[in-house]
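**Q** So you can see what is in the structure, the chains are spelled out below.
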Amino acid sequence: MARRPEVIAVLGRAVRTPRGTAGLVIAGLVVLVAVIGPAVAPYSATEFVTAPFARASSVAWLGGDVLGRDVLSRTLDGGWQLLAMAAVATALGVVVGAVLGVMAAYYGGLWDSLIMRAVDVILAFPQLVFALLLVSILGPKIWLIVLAVAISHAPQVARVTRSAALDISERDFVKAMQILGIPGRRIIRRDVLPNLTSVLMVEIGLRLTYSMLVIAGLSFLGFGLQPPAASWGLMINENRVGLIANPWGVLMPAILIALFTIGVNTFTDAVARASLGVGGRATEPEPIALVAREVTG
Amino acid sequence: MTAPSEDIPMTATVEDIPPSTRETGPGTPRLAVEDLRIVMPATRRRPEADVVDEVSFTVQPGRVLGLVGESGSGKTTVALALLGLVKRGLAIGGGKVLIDGRDILALSEHDLQKVRGRSVAYVPQDPGSALNPVLKVGTQLREVFAVHGGDADRLTQVMAEAGLEDPAPILASYPHQLSGGQQQRVALAMAFACRPQLIVLDEPTTGLDVTTQRRVLDTVRGLCHTYQVAAVYISHDLSVVAEIADHVAVMYAGRLIEIGAASELFATPAHPYTRGLMRAIPLMATSHELHGMAGAPPRPGNRPAGCSFRPRCEFAIAECESGEPQPVVVSDTGHAARCVRATEITALSGTALLARDRTVPAAAEPVLTISRVSVSYTNKPVLRDVNLDVGARKSVAIVGTSGSGKTTLARCVVGLHKDWTGTITFAGSQLPPGVRGRTPDQLRKIQFVAQNPYASLNPRQTIGQIIGNPLTHFTKLPARERDKRIGDVLTSVALRESFAARYPDELSGGERQRVALARALVVDPELLVCDEITSALDVSVQAAIVELLLRLQAERGLALLFITHNLPLVRSIADDVTVISAGQICEHGPVTQVLTAPKEAYTRQLIADVPSFEQTG
Amino acid sequence: MTTATEATERVGPTSKAARPHPIRDLVIKRSLIGILTLVLVSILIFAATQTLPGNAASAVLLNTATPQRLHALEVQLGLTRPAVEQYWTWLTGVLHGNFGKSLANGQPVSTLIGGRILNSLVLVVLAGAIGTLIGVGLGVLAAARRDSVFDHVLSVTSLGVTALPEFVVAVVLVIFFAAVVIHWFPAVSVFAPGTPPWSNPRELVLPVATLVIVVVPYVFRMMRASMIDALESDYVQMAQLKGVPKWRVLLFHALPNAIAPTIQVIGLTFLYLAGGVVVVEYLFNYPGLGQALVGAVSDRDIPQIQAIVLVLAAFYIAVNILTDVIALAVSPRRRLPRS
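Chains as they are written, first to last, in the numbering used here: chain A, 1105 to 1401; chain B, 5 to 621; chain C, 255 to 593.
Treat each hint with caution, since some may be false.
With a straight-line cut-off of 20 Å between C-alpha atoms, the simulated DMTMM-like cross-links for lysine to aspartate or glutamate are [to be verified]:
#1 B/Lys100 x B/Glu38
#2 C/Lys500 x B/Asp115
#3 B/Lys91 x B/Glu113
#4 C/Lys500 x B/Glu113
#5 B/Lys91 x C/Asp488
#6 B/Lys140 x C/Asp488
#7 A/Lys1245 x C/Asp553
#8 C/Lys283 x A/Asp1216
#9 B/Lys91 x C/Glu486
#10 A/Lys1279 x B/Asp509
#11 B/Lys422 x A/Glu1274
#12 C/Lys500 x C/Asp488
#13 C/Lys283 x A/Asp1224
#14 B/Lys449 x B/Asp528
#15 B/Lys422 x A/Asp1276
#16 A/Lys1279 x B/Asp423
#17 B/Lys91 x C/Asp401
#18 A/Lys1279 x B/Glu536
#19 B/Lys480 x B/Asp492
#20 B/Lys91 x C/Asp483
#21 B/Lys140 x B/Asp170
#22 B/Lys91 x B/Glu52
#23 A/Lys1279 x B/Asp445
For the record, the hints were derived by calculation from the structure and aren't laboratory data.
Taking the hints into account, I'd like the entire structure generated from these sequences.
**A** Here it is as structure tokens:
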């Protein structure tokens, strides 16, 4: 008797739209490259194979980077850590933020003020600056970067889930449960949370994009994986000098980062539109009924 | 730029349209709609579907035509078409809308702009949202003159005519600073500003309390008469239409199924649907059984073969399947209906209303006693010293306008609102203010049904789960026993047991309200608090729900606390009535006494303001 | 018992004495909260930099740190005093404009960053203003021509562009306009801090353009969405039914309503820019706060880091307050309560 979980239903609908398919395919391609890359790279990321900034040749298909390493191999190697960090930071940030947001909404009062004050303080920094602050003290450690990015996501997610949860808590069907004397925790779990899924899905998509942007940005500035490791952001920075000689050292990682964020963003947009549809049906509603409901007096 | 003519009965002022396309002459109706057809254009997925079809009627200057129908009948679509507007997703499929002989639908966008607001004006249903929230009222009123030309000094005069005596503060306000009644008068002033030939009023008094509604209706009637304006008044409320309309047209599933002079149509309806409507409306004069109509109107694109009403019609015969009936004229006043048996039906004696047999239960210990209850938000008192008793097996109605505090009182009883002083006693023991302090027994025995059926059910749960929630909370029944109880209660609210597997968004408003009732009844309460449970429903659906409620009350021996603003409904279903105004009890007593011989001036005013049919039955 | 008569209902602007001042009240309230937040932020910054392992002393000494030398330096820098006392000294210093001395070169931090504040501000304000204007304009046009080719193209491109990292955009611009394709603009700035940024406009073009490109899609989408919302509202329909011409409906009915939600987004844009300048300045070698921050982080120059982050936080809070005030000002429903 249970209906397909709304998450699956909405994702399914999103994938079937042109934007959804495009987004998923593009982002998926990049993930594939990043995950499989290290296994298929022709050389290791630190091997010197050609002259610095050498043009593309049969030896090095995308030419050489600033030290003469193979741009192609470094590109194939340099993605998975970035993606992994972005994924973990997003997951952490969303979970913490959502829990805080729902608690603040449902319990209100002191809890609410406390949480929102903390949110304001962390939101007083740009994400990048916050991460830089922490990095400056403890050094560019991977776990620290992930933690810093996660902490900077949590407030925004908390804000969004709080306002969505508040909205739901005000609705009659939640009041109907309150009247019966059902304890708050159970109401949250059974009535409020399931209705938050679409909001959360969109937030996850957005946060993933931002995670990637900040972490790649940090890497670009030299505060991510340290040389001689291969990392897309770092590659863009270190190969900037030889842009005219061999643009691939900069272009390839830049294109991959861009494709990932564009893909995720586009797919998130499709999900947002799909979740606006008729509340959680597992099957497509009858088209005329849908239009008619909107349109007839 | 010609100024509109002065305050004399109007002849047509038509501007830059070539005279050859106009057909004016004596007896030309002010408005003539011919075979109007509005469709949802065909897409890849489905063929063209008509929303409105074969709609034709005329209106003479100074006359009011009432256009009635329930939700989905297409009446608002027709209303907008009279101004040449169709909503996104719809298109004009054919027909003409002739105003003084000029076809509105054939005009270019540019000419249409000139006509709207000037020759044809519109009064919206919800003036609160129809007035721009960021522009001052004065700006919006003056805009009409700015666009169509005319003397802005007439503004004060126009406002006075609409009942706004002191215009200056109103002009300087923003819409949200005005009351609902004032907003509607502003809308009226905007509409009548340029002395239009035709006014279209789209349910303008929905959402207004009965006294304000009375005033607005009087104003509209007065203005129409003075300036010989033709008016089309759209409503789902037949008693309001009875008061103001000279002629009435009834719409069902996008078609005009009956048309005729108001008094005649209401006294002797010629179409089974109209007859059904008349039998569903509660009246002030008598307490009679209300009859709903089973089923629901077909959606666009889903019309059955033959007459659209056939699936629900008690008079249906084989001939009804063979195509949409053509209008049958039943009297020489032009009363006609689309029914093959129209002449028979008109001849039936009235609408055969059965008086309700309501045995007043013996005076027993009251189940609920409200004593000196007061509530105030910051420094504004919402309820003051309210005293009320509800006897076992009795229905007590609480009547008041919006803001009177009746909903707050209900919420106090139920525990949703806990900042009140005073005592509420239930079944002998005092109730703690909020839900927290109450015993499970107290919580179980008092149940609540809310107004909005679209918000009171969790969209993520099945009907079975929704009804099962209180059951699982209050009892520890094995699964089979629980499912049986759920099935039983579904049957008792006239829903099939298979509904338990459905989701709320698959149900109509009436069905959802039944589910809400079922949820309240499944734990065998002793007191049921109903807060405006039928206000959001069509009148035929309301009738069915109300009858169901009364039957269940009798079967289960429930006490009923029924909050409403609808006085005729109170007459129909309550034993006692309490009139509440500005947080205080104004009058209280048995229904027959209070409604026929009220003691207080407020109650008298309230009763006098209720629109009614001239004759009963 | 009187009937509720509307004629006697008081309506409209009340007397001046009784009239509430929501804007003034909001400014006061938010400023106080803002100051409180700023204090909390300063504590956070201070705690992060001063009391965690790896403090200023070890940052200065790096590999040459022996326990004795470390301790000596700590005493000299005042790091052995209780944390609260250190914080208080720092805070009072800040309030007098004294941010301490840079650990990298011994100069007073305030001189180092003073000029840079202006430079970064110029970037932020220029990019913010231009981006807002373009975004709003395109948003209104797209909404007015909804579902046209123009609209579709813009919507799809904005979806893509808004996801691009700033450094990618910057690199692309450099490739096209500075280094590879054409050579109109310099790839890096060469003007010294201290000279006003507008003395060399060609150096501003690419940095500002980068930021504008990243920012426009965001404003565009919000403006388009809220315009469409306004155009589908009851009051726009009412205006149409009054016979108001289309352009008037767009400009005087829809736009004033669509602006309010967009104000929030415009505020967020400026907030974003405060962080976005970091990467852009670094990339273009532009002498602003962002570039200084990156350098300071590499050097572990704690006092400079503290100062820059504090300034950024103050900017953030100020923009937030301004956004809320403007949003209130354009929304009469919230500004003037019902009487």
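**Q** Which of the listed hints are broken here?
**A** Every hint satisfied by this model.
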